[in-house]
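Enquirer: Now for the letters of each chain:
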Amino acid sequence: MPQAFALHRTTIGLKFIMALSGAALFGFIVSHLLGNLQLFIGPDAVNSYAAGLRKVPALLWVARIGLILAAIAHIGAAVKLMARNNTARPVSYKHKLSSKTTSYAARTMTWSGPIVLLYFVYHLMHLTFGVGPNYDHHNVYNNIVYGFMDWRIASVYIVSNVLLGMHLYHGAWSWLQSIGANHPRYNAMRRTFAVALAGFITIGNVGLPLSVLTGMVEPTDKSYCFTELEKVPGECEGIETPTH
Amino acid sequence: MSNLNLTLHVWRQNSPHEKGGFVRYEATDITTHMSFLEMLDVVNERLIESGELPISFDHDCREGICGACGMVINGAPHGPQKATTTCQLHMRQFKDGDEVWIEPWRAGAFPVVKDLVVDRSSFDRIIQSGGHIGARTGSAPDANEILIPKGQCDEAMDAAACIGCGACVAACPNASASLFTAAKVSHLGLMPQGQPERNDRVRNMVSQHDAEGFGSCTNHGECETACPKGISVNFIARMNRDLLKAAITAPNELTERTKP
Numbered sequence: 001m002p003q004a005f006a007l008h009r010t011t012i013g014l015k016f017i018m019a020l021s022g023a024a025l026f027g028f029i030v031s032h033l034l035g036n037l038q039l040f041i042g043p044d045a046v047n048s049y050a051a052g053l054r055k056v057p058a059l060l061w062v063a064r065i066g067l068i069l070a071a072i073a074h075i076g077a078a079v080k081l082m083a084r085n086n087t088a089r090p091v092s093y094k095h096k097l098s099s100k101t102t103s104y105a106a107r108t109m110t111w112s113g114p115i116v117l118l119y120f121v122y123h124l125m126h127l128t129f130g131v132g133p134n135y136d137h138h139n140v141y142n143n144i145v146y147g148f149m150d151w152r153i154a155s156v157y158i159v160s161n162v163l164l165g166m167h168l169y170h171g172a173w174s175w176l177q178s179i180g181a182n183h184p185r186y187n188a189m190r191r192t193f194a195v196a197l198a199g200f201i202t203i204g205n206v207g208l209p210l211s212v213l214t215g216m217v218e219p220t221d222k223s224y225c226f227t228e229l230e231k232v233p234g235e236c237e238g239i240e241t242p243t244h
Numbered sequence: 001m002s003n004l005n006l007t008l009h010v011w012r013q014n015s016p017h018e019k020g021g022f023v024r025y026e027a028t029d030i031t032t033h034m035s036f037l038e039m040l041d042v043v044n045e046r047l048i049e050s051g052e053l054p055i056s057f058d059h060d061c062r063e064g065i066c067g068a069c070g071m072v073i074n075g076a077p078h079g080p081q082k083a084t085t086t087c088q089l090h091m092r093q094f095k096d097g098d099e100v101w102i103e104p105w106r107a108g109a110f111p112v113v114k115d116l117v118v119d120r121s122s123f124d125r126i127i128q129s130g131g132h133i134g135a136r137t138g139s140a141p142d143a144n145e146i147l148i149p150k151g152q153c154d155e156a157m158d159a160a161a162c163i164g165c166g167a168c169v170a171a172c173p174n175a176s177a178s179l180f181t182a183a184k185v186s187h188l189g190l191m192p193q194g195q196p197e198r199n200d201r202v203r204n205m206v207s208q209h210d211a212e213g214f215g216s217c218t219n220h221g222e223c224e225t226a227c228p229k230g231i232s233v234n235f236i237a238r239m240n241r242d243l244l245k246a247a248i249t250a251p252n253e254l255t256e257r258t259k260p
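These protein sequences, in sequence, are chains R and Y. Just so we're aligned: the first sequence equals residues 1 to 244 in our numbering. Just so we're aligned: the second sequence equals residues 1 to 260 in our numbering.
Calculated directly from the structure, the hints in this document are not laboratory data. Fair warning: this is a prediction, and the values are worked out from it, not measured in the lab. None of the hints are false.
Incomplete in silico selection of chain R near chain Y, CB under 10 Å:
hint : residue
1    : T11
2    : F16
3    : L97
4    : K100
5    : T102
6    : S103
7    : H170
8    : L176
9    : I179
10   : N182
11   : H183
Glycine included, each C-beta is placed from N, C-alpha and C at the ideal position.
Hey, can you work out the whole structure from these sequences and the hints?
Expert: Shown next, in the form of structure tokens:
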């Protein structure tokens with residue numbers, strides 16, 4: 001086993017770390033989007049789903065700690081590799097090197113990554129720590145909708161999610177190459193897989209603020225109270241909550 | 001076919017630590033049948049006649065199989081023609097009046113020696129770290145003693161086509177030598193004769209690659225396009241897989257490799 005732990009000393013080992021932590025974060029983003037798409041079903045669905053996530057706090061924290069560790073591993077390995085790659089060509093080409101195969105997404109990974117990280121901080125502030133407009137921790141649905149009704153907030157989400165989509169597109173096919181999952185019979189499918197997955201996530205994530213901006217999704221008048229989301233015990237006593 | 005008149009901008013640098021720069025030369029009356037290196041020979045003869053120092057560049061076989069030549073021509077390693085070394089690139093690829101920018105490979109692990117000549121001994125050290133097999137001495141073994149499936153044999157030959165010119169490093173946005181190292185790891189690793197050293201080979205060669213200061217692979221695929229032998233990036237995935245397996249299963253710890 002010590003050999004496996006020594007992997008991080010090689011560039012390829014760092015790429016394994018990036019690939020596997022990236023895959024874990026990818027998995028989260030997919031499930032997060034599937035949860036969020038319930039916005040189109042209605043406030044009852046979204047709010048009871050949000051409350052349901054907190055039913056077993058231990059599980060929630062296992063997932064959160066797992067994600068934080070994956071993010072630290074992903075960013076740590078990226079910083080180490082970037083530092084290395086930036087010094088690998090100390091004298092740059094004076095006549096620009098023509099790039100033939102690389103994609104815009106691949107070339108901007110080191111930009112889209114940090115920007116998306118900043119967006120995650122903003123996103124947590126907005127909807128988890130509650131600095132958004134008319135914040136009510138029992139009504140996740142309205143928090144999202146009120147937020148997106150402000151075009152400035154909505155445009156932050158739209159721009160960031162397009163960048164996230166590009167980051168995921170390169171990641172989705174590149175991680176398979178990095179871990180050596182490569183076979184001539186299936187190689188062509190990796191691009192299709194990446195386009196389909198990144199496309200679905202981007203359309204979903206951009207579709208949410210767009211549907212609020214265009215008035216397709218509107219705030220609800222119903223009030224909600226869930227015992228799982230109580231900040232003060234007994235907060236919800238006597239308040240009836242519509243269930244889905 | 002009429003002859004060409006070209007404007008060259010050639011990187012001139014007297015020694016590794018001196019400052020270099022582009023110098024403009026007019027290459028007049030160049031026949032389209034010349035190779036790119038023959039065109040440079042003509043320019044050099046004229047420079048010598050006028051008492052100037054000729055442009056230094058590496059070359060040897062001029063048949064596209066030794067890997068000695070190589071320069072970045074108009075932003076493309078080995079020039080505009082796919083799967084072609086600089087020596088096999090013919091002037092018919094250029095038009096009359098073209099401006100041609102010629103630069104050496106740029107990488108920290110490939111320091112410029114003079115003009116277009118770079119020191120590629122980092123590649124030699126990667127080969128030395130693992131590019132060998134154990135074979136008994138004495139009478140030569142029968143050529144077909146060990147049967148190898150045709151597909152596997154072809155794949156090994158595809159990897160062995162690498163001539164070690166360094167175009168992959170030159171083309172890579174990260175100046176990574178992953179394609180070179182992968183080809184050298186794979187062509188022996190695919191053969192039964194290469195199995196005894198397989199785990200140590202990949203670990204040592206990757207470790208030497210890193211010690212030389214090459215960058216990491218970020219899957220741009222530029223190396224594959226620039227490679228005069230068309231080596232596929234699939235070999236990089238193969239090397240990654242080999243390294244993972246070796247790192248997890250190999251019983252022995254290896255000493256970390258260093259750059260001399």
